[in-house]
Every structure is written in C-alpha cells, then in structure tokens.
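Undergrad: Here are the chains, one letter per residue:
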Amino acid sequence: MKKFFLLLAIFSSGVFGQGNQKVTGTITYVSSQNFYVRFENTSGVSVGDTVYLSESGTQAGTIKYLSSQSAACTYFSTAGVELNSRVYVVTSTIKKDQQPNKTTEAVNNPPLWNAQSGGNNNISASENTVDLGGRFSIRSFINSSSNAKHSQTQYWRYGLSLRSSKFGINNLEFQATATYGYRADSWKNSGSVWNNLKVYDFFFSYKPTVSLQIQAGRIRNQNLYSLSTFDGLLFDYTFSKFQVGTFVGSHPDWQNMGVNIKLMQYGAFLSREDSLGRLYMNNTLSFANQTHSGKTDRRFLYFLHRSRTTDFSFAVSSEFDLYQVEMNTPKSIFKPTSIYASASYRFDRKLSFDLSYDARRTIYYFDSFKSTIDSILDTRMRQGVRLGTYYQWSRTFSVGLNGGFANQPGDVHPSFNGGTSVSFTELTNLNFSIVGDFTYLQSNFLNGFSYGVKVSKSFLANTLTAGFGFRRVDYLFARNTSDGVSQNIFDADAHWLIFKSLYLNFSYEFVSEKRISANRIFMGVSQSF
Amino acid sequence: MLTRISFIFLLVLAGNLQAQSPHGQQLKIDCGDCHSSKGWSPLNSELKFDHQSTSFELIGQHQTVSCKSCHQTLEFNKAETNCNGCHFDVHNSTTSFVCEKCHTPESWVVTDVRALHQNGRFPLVGMHSVVPCEDCHKNYDKYQFDILGVRCFDCHANKYYAAANPNHVSSGFNTQCETCHNLANDWSFYHDGIFPIYSGSHNGGWNKCSDCHTAEPNYLIFTCVDCHAHEKSKMDSKHQGEVGGYVYESHACYSCHPTGSGEG
Numbered sequence: 001m002k003k004f005f006l007l008l009a010i011f012s013s014g015v016f017g018q019g020n021q022k023v024t025g026t027i028t029y030v031s032s033q034n035f036y037v038r039f040e041n042t043s044g045v046s047v048g049d050t051v052y053l054s055e056s057g058t059q060a061g062t063i064k065y066l067s068s069q070s071a072a073c074t075y076f077s078t079a080g081v082e083l084n085s086r087v088y089v090v091t092s093t094i095k096k097d098q099q100p101n102k103t104t105e106a107v108n109n110p111p112l113w114n115a116q117s118g119g120n121n122n123i124s125a126s127e128n129t130v131d132l133g134g135r136f137s138i139r140s141f142i143n144s145s146s147n148a149k150h151s152q153t154q155y156w157r158y159g160l161s162l163r164s165s166k167f168g169i170n171n172l173e174f175q176a177t178a179t180y181g182y183r184a185d186s187w188k189n190s191g192s193v194w195n196n197l198k199v200y201d202f203f204f205s206y207k208p209t210v211s212l213q214i215q216a217g218r219i220r221n222q223n224l225y226s227l228s229t230f231d232g233l234l235f236d237y238t239f240s241k242f243q244v245g246t247f248v249g250s251h252p253d254w255q256n257m258g259v260n261i262k263l264m265q266y267g268a269f270l271s272r273e274d275s276l277g278r279l280y281m282n283n284t285l286s287f288a289n290q291t292h293s294g295k296t297d298r299r300f301l302y303f304l305h306r307s308r309t310t311d312f313s314f315a316v317s318s319e320f321d322l323y324q325v326e327m328n329t330p331k332s333i334f335k336p337t338s339i340y341a342s343a344s345y346r347f348d349r350k351l352s353f354d355l356s357y358d359a360r361r362t363i364y365y366f367d368s369f370k371s372t373i374d375s376i377l378d379t380r381m382r383q384g385v386r387l388g389t390y391y392q393w394s395r396t397f398s399v400g401l402n403g404g405f406a407n408q409p410g411d412v413h414p415s416f417n418g419g420t421s422v423s424f425t426e427l428t429n430l431n432f433s434i435v436g437d438f439t440y441l442q443s444n445f446l447n448g449f450s451y452g453v454k455v456s457k458s459f460l461a462n463t464l465t466a467g468f469g470f471r472r473v474d475y476l477f478a479r480n481t482s483d484g485v486s487q488n489i490f491d492a493d494a495h496w497l498i499f500k501s502l503y504l505n506f507s508y509e510f511v512s513e514k515r516i517s518a519n520r521i522f523m524g525v526s527q528s529f
Numbered sequence: 530m531l532t533r534i535s536f537i538f539l540l541v542l543a544g545n546l547q548a549q550s551p552h553g554q555q556l557k558i559d560c561g562d563c564h565s566s567k568g569w570s571p572l573n574s575e576l577k578f579d580h581q582s583t584s585f586e587l588i589g590q591h592q593t594v595s596c597k598s599c600h601q602t603l604e605f606n607k608a609e610t611n612c613n614g615c616h617f618d619v620h621n622s623t624t625s626f627v628c629e630k631c632h633t634p635e636s637w638v639v640t641d642v643r644a645l646h647q648n649g650r651f652p653l654v655g656m657h658s659v660v661p662c663e664d665c666h667k668n669y670d671k672y673q674f675d676i677l678g679v680r681c682f683d684c685h686a687n688k689y690y691a692a693a694n695p696n697h698v699s700s701g702f703n704t705q706c707e708t709c710h711n712l713a714n715d716w717s718f719y720h721d722g723i724f725p726i727y728s729g730s731h732n733g734g735w736n737k738c739s740d741c742h743t744a745e746p747n748y749l750i751f752t753c754v755d756c757h758a759h760e761k762s763k764m765d766s767k768h769q770g771e772v773g774g775y776v777y778e779s780h781a782c783y784s785c786h787p788t789g790s791g792e793g
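If you read the protein sequences in the order shown, they are chains A and B.
Under the working numbering, think of the first position of the first sequence as 1, with each following residue one higher.
Under the working numbering, think of the first position of the second sequence as 530, with each following residue one higher.
Simulated from the structure, these hints should not be mistaken for lab results.
One or more hints might be untrue.
Claimed, not checked - Straight-line distance between alpha carbons at most 30 Å, and here's what the computed DSSO-like set of lysine-lysine pairs gives: (1) B:K667 with A:K262; (2) B:K607 with B:K630; (3) A:K500 with A:K454; (4) B:K597 with A:K241; (5) A:K500 with B:K567; (6) A:K335 with B:K671; (7) B:K607 with A:K350; (8) A:K262 with A:K331; (9) B:K630 with B:K667.
Between the sequences and the hints, there should be enough to build the whole structure, so can you do that?
TA: Next up, the structure:
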C-alpha cells in the first residue's frame, strides 16, 4: 500500500508535468464554474477553442483563459469532467503556429480582468460596449514673494485623461490626455483658449488583425519616445519577435501645441523583443524626418534599449542628428544629440545601487524656432553622472548615499554634489517617520551645504499622510567676494485618499532669505474613474 | 504511516496545481487567499494577498488605480516595476528615465522644486527663488525641459547686449557677469569683485569714476599711475631691484596687486 501511494504520487506528478504535445492535456482542477487543463504548451491553442474529453470524444467546454501551459475552461457539460481526465483541443494548429510570437503572447495573455475583478463573467468580446477609464484633476499653484515684480501669481490647471481598451467596436482603443491651464491674473490677456489648452494625445488604435495596428489622431507611441506626440497616422506590424512601423503626420505647433500642417514629418521604426530566462530585453531603432514648409528641419535616428531581470534593469537612450545646415548649406551628418544610460541593481532586499550617465545638447531645429544666439549656445553638450546606493538597515532604518557630477563647456566649475540621507520609520507608539538629509554642492557659481529634516505620519488607516520639514541652506558664491546666501525653508504637505479614487494633494513651502521671502502653495484634487 | 503517505500525495498534488496556475510559477501563495471554493470568480471580497510584500509597494495613487492598469495579464509578476514600463515619457526624452528623481507616487506634480535644484547645477537663490518656472524653462507647459546653461549669460545675454550705461559690448566686458554683478544683492554692480574700491586701502580714496577710468565710457581703460600716491619715483625706488620685469604701467600694477593692497 505504501509503495502504491508513493508510485501514485510520483505518477501523478509525472502526468501533470508532461501532458501531451500541443493540443492534448489533463484536467487538473475543477470548480463549479470552470475547469483547468494542463498542456505541455498552448502554442496553437486559442481562447474559444472547444475542449473534448479524450475518452468519450464529447464536448466538455470552451477555453476561456489561456496561459503558456494551462487553460481555464467553461463547461458545456459537467458530465465526465473529472480531475485527471484526459482532454484534447481540435484546432487548426498550422495556421496558429504561423502566428508571430507577439501575437501568441497576446492570445496567451488575454485581458481577463473584466471577469476577474468585476465578477462579471458574461462580458463577451463581441459586445459593442465602451470600456472607458481615466482621471480628472484640478490643480492650483500659488506663488507669492516679497519682491514687488513677482508679488503673487496663481496658476490653474485642469487635466483630463481618458483611456478605453474597447471603444465601441472590437479591437478599437482610444486614448486622450489634455490640460487646460492659465495664469489667474492674465486670463483676459491669455489670448485664444487654444493657447491654454494642451492636448498631449488624442488617438484611436485599431487592430484589424492581431498583427496589424493602425493609429490615428494626436499620437504618442512607445516606440517613438523621442518624437513625443504628432498629428497623423501610424501603422505597425508585428511578426516573430519584431515590430515594424511607419508614420506620417505633422508636429504640433511650437508655440501652442495646436495643429500645424506646415510641420510635416515622417519616419519609421523597428523594434525587437527578446527574453532569455528571466531577462527581458527590448531594442528599438527609429528614424524621423521633420520639415517646415516642405524644407527639412531636422532628421534624426533614435535608439532605445531596455532590459530587466528581477533585480537588475538597464536602459540606454540615444539620439543622433543626421542633418545640419551650415552657412545656409544643408549637409548630412552623424552627430549625437543625446545619450542617456541608467542601470539599477538590487543586490538583495536590503541593498541596492543605481548609476546613470547622460550627455545631451539642446536640439536645434534649423527653420522653426531657434535664434542664431540659441544655435551658438546650444551646441554645448552637457554631461553628467549620478550614482547612488541605498541600504535598508532594518525594517525601520535605512540610509542612502548619492553623488553627481555635471559639466557643460563654458562652465567655470563643473558641478558636483554629494549627500546622504537617513530614514527612520514607525518611530515610537505614534508611528511617525523622520528623514534627514545632507548635501554638499559645488556648482558653476556657488558652493555650500543644505541640510534638512522631515517628519511625517500616516492617519486614517494610511489614507492620509501628512508631514512637515525644515531645511537650511548656506552657500557662498564662488567668483564674487560679496556675501553668500542663506535660506531657511519650511514646508508641509498632505496627501489624502478621501474616497476610493478621489485624491487630494496639498503642499506648502516658505523660504526666507536675507533680502527676499517667498511662499509656494499647491492644491490639487484628482478623481479616477 | 498511511496517513503520512497520503499527506505526501496531497502535497505533491497541491504542488502541481500551483505550477499550473494561470498566474505563472512565480506567484507562490495559497489560492484561497483570493479565490473561494465557489469558483475562480468572483474573488473574495477581502483579499489576503498583501501587495506590500512584493518589490513594488502600493503607495499613493497606485492604491487607487485598477489592477489591470499595471497587470495586463494574469501572470502578475510580468507587470513592469519601472515607471516608464507603464507611463509614457511626456518629457520627450529631455529629462531621464529615473522618474522618481522628481516625482512621487502621490502625484505627478513636482512640489519639491527647490530641493531638486539644490541637487542639480542651479540651486534657486535670490531672485531665482521667485521667478516663474517658465521664465527659464521655455517649454515648461509642454513638460519639456531642454538643457539650459547655468552661466548668467546663458539666460541674460539680451541684457548684456542691451546695456547702455555702460555699453557692455563697446566696453569689451567679458560675459562672466558675476565678475561685476553682485549675485546676492539683486544683480547690483559690485566693483569689489574686480578691484576693491569700497573696502581696503582704496575705500574713500576716489571721488568719481573718471578718477581712474579716464576714457569713459570705456571702463576697461583705467589708470593707477596718475595718482599722487603712486608717483613714478616712489614706485621705481620700491620695485626696481626687488621685482623682476617691473614696469611703471597700470595693467602691470593690476596684475601684481589685484586686491589693491601692497602685498598683492
């Protein structure tokens, strides 16, 4: 009997671990609403496929959810659906095997959340409903000072972001982000409302097939980071591990972000995703040609690499100008305008490191908006390095070290700063936190110290966090024998999750110098829906 | 013994069920923490799973967003933990990928502007404490922060070119504004930065600018040797034989005595 159970245990393990190739599997779990099937792999299997019982050949159910090795199925009939029963899926395997990996990934990882989180299992992919979410926010910024020229200014900014993963018809998505901001005292002088309205994106994405995507509107695309937003059309096609795309449209107006068809641009990108064990990697190369009234204004290449594992992440972003006007003569060049690299490594749950390097120059558009003086100054590339480490000494105590270096040709001194911070949490029975920090700075024109302390505490089951702090700054000017400058800075802030998705933010800062004092107040409320 | 073996069997079975979870093999928690025996859905009204036990604690507004905003699939560990995995870079690559350097999960609004500048190249002191952000960051409303120079001239070049009294261009002044202007006192002219006349031995030893600047408005031209205290005979007897290369000429005086004292 003992041997029997041991053999059964090993056997059952073997059965569950192996299964059959591609379309044959084993029922590994049953519940009142679903049953689970374990496959060797689910390549070629799709959501909606019918599952048959191997023994009788009768229909047991349909696949509702898929992962890379298993499926959750709904019942046709519970008859014969038992733990360890063998099942198979009849599917046009060849056709599905030819689908690209990304497509398979998408099929394997369907958006299951409507059923899971809402408890609504009846939502069908074919229903023409609108799944709309987003956020609305109102923010106010008030600055006041003892200086007559800048005695008080108040800014209002209203924000709205919308996102729909299903906009009326299947495979149609929608996204929009906009703000309306203005200075309270210059409302009448702000000109057209269009100057205050900033639309950061407003576009539809349609997937006629699982491989092809068409986007239209004011588009932001993850593969075109460097391009920011543009008005036009984008097509992308996914095959194997690659994604290739092309776009055409116009750059938003430089002044007010309105539509400006004089700023036409076009380009393309190629992206590839790889994964090796726990390492995920993405590389994207994009090209863009931007014009002004038909003349090339800027032409550049952009490369983005991102990779990560559980404990390590690395990213490189670089941009190269391919076009330049010199003495009114256009010519082709290959000049870096920006390189940015960052790496972070979490040694364990206590110790982590991060390092970044950046080298950038301000981008120069030859015909659009830069002056001659700008073009002279902007050729200087700023380079900087930052590094930091963080150690969680205990559950309630942590310490961090950071430093940075930056230089730009023409600077009298390179800028350097180094500092440390210590953090105590859950102090005493009052359960508050204290963070202290100290920074030494040597910049182009001054050097000195800043040091401060901040106390914060959570209330109302951690839905309200409030804190206050004090900071002292003592600087000396490096190239001037006049007085230095000292600042006393007091700040307070509060963040309150009032209801489930209604968030209130408040912050206040008062700074006092020998000859000037200033207040800064921010209030904001945001509602997600 | 039979009980013991049966228990082993159940453990193995449970292990296999776990491995076949649609949540992938990384999620090692009891199904019952979220699901009930009635079915996989709906989930329990109160989930035992504590997101704070993961490497991505839910802080600030991450507490209010729907799970699917970050977890696009049921394999929860596939969710990105870097900000830019979920959030688009609205700064058009003009800042960095390290969003938390400026932002917090509480809000995208950057409230601690002063501390950011103190950790950068340009701490906000004096008038720079009170001017609106867009005075320097011209594309502020587009969330784009182009590289800015930190020399005074980088932003105030127009004032240099427009200055009439004295005319900075025709006077041939250099573009290191802090040489003459007092950074701590509203940009006022500060002669002592070049040569102390409001302190030291020359304090009170002059009546008007033309006492030394004999070719106004060209303030690059100055004289030391027209003053009675610096008579040629006195200077020659003091320096000849003592200072190699000595010449009785104003620029030579300044090169050895930039602070206006006898020592240097």
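Undergrad: Each of the hints needs a verdict: does it hold here or not?
TA: The hints, checked one at a time:
Restraint check for K667 of chain B and K262 of chain A: satisfied, since their Cα atoms lie roughly 22 Å apart, inside the 30 Å limit. At most 30 Å may separate the alpha-carbon atoms for a hinted pair to count; K607 of chain B and K630 of chain B meet this at roughly 24 Å. As the CA atoms of K500 of chain A and K454 of chain A are separated by approximately 28 Å, the hinted pair is consistent with the 30 Å bound. A distance of roughly 24 Å separates the Cα atoms of K597 of chain B and K241 of chain A; the hinted pair therefore holds under the 30 Å criterion.
Distance restraint check for K500 of chain A and K567 of chain B: the Cα-Cα separation of roughly 27 Å lies within the 30 Å cut-off, and the hinted pair is therefore satisfied. A C-alpha spacing of about 26 Å is found between K335 of chain A and K671 of chain B, which places the hinted pair at or below 30 Å, so the restraint holds. Between K607 of chain B and K350 of chain A the CA atoms are separated by roughly 22 Å; this keeps the pair inside 30 Å, and the hint holds. Pair hint K262 of chain A plus K331 of chain A holds up; C-alpha atoms about 22 Å apart against a cutoff of 30 Å.
Between the alpha carbons of K630 of chain B and K667 of chain B the distance comes to roughly 21 Å, so the proposed pair stays at or under 30 Å and holds.
Hint check: no violations occur; every hint is consistent with the structure.
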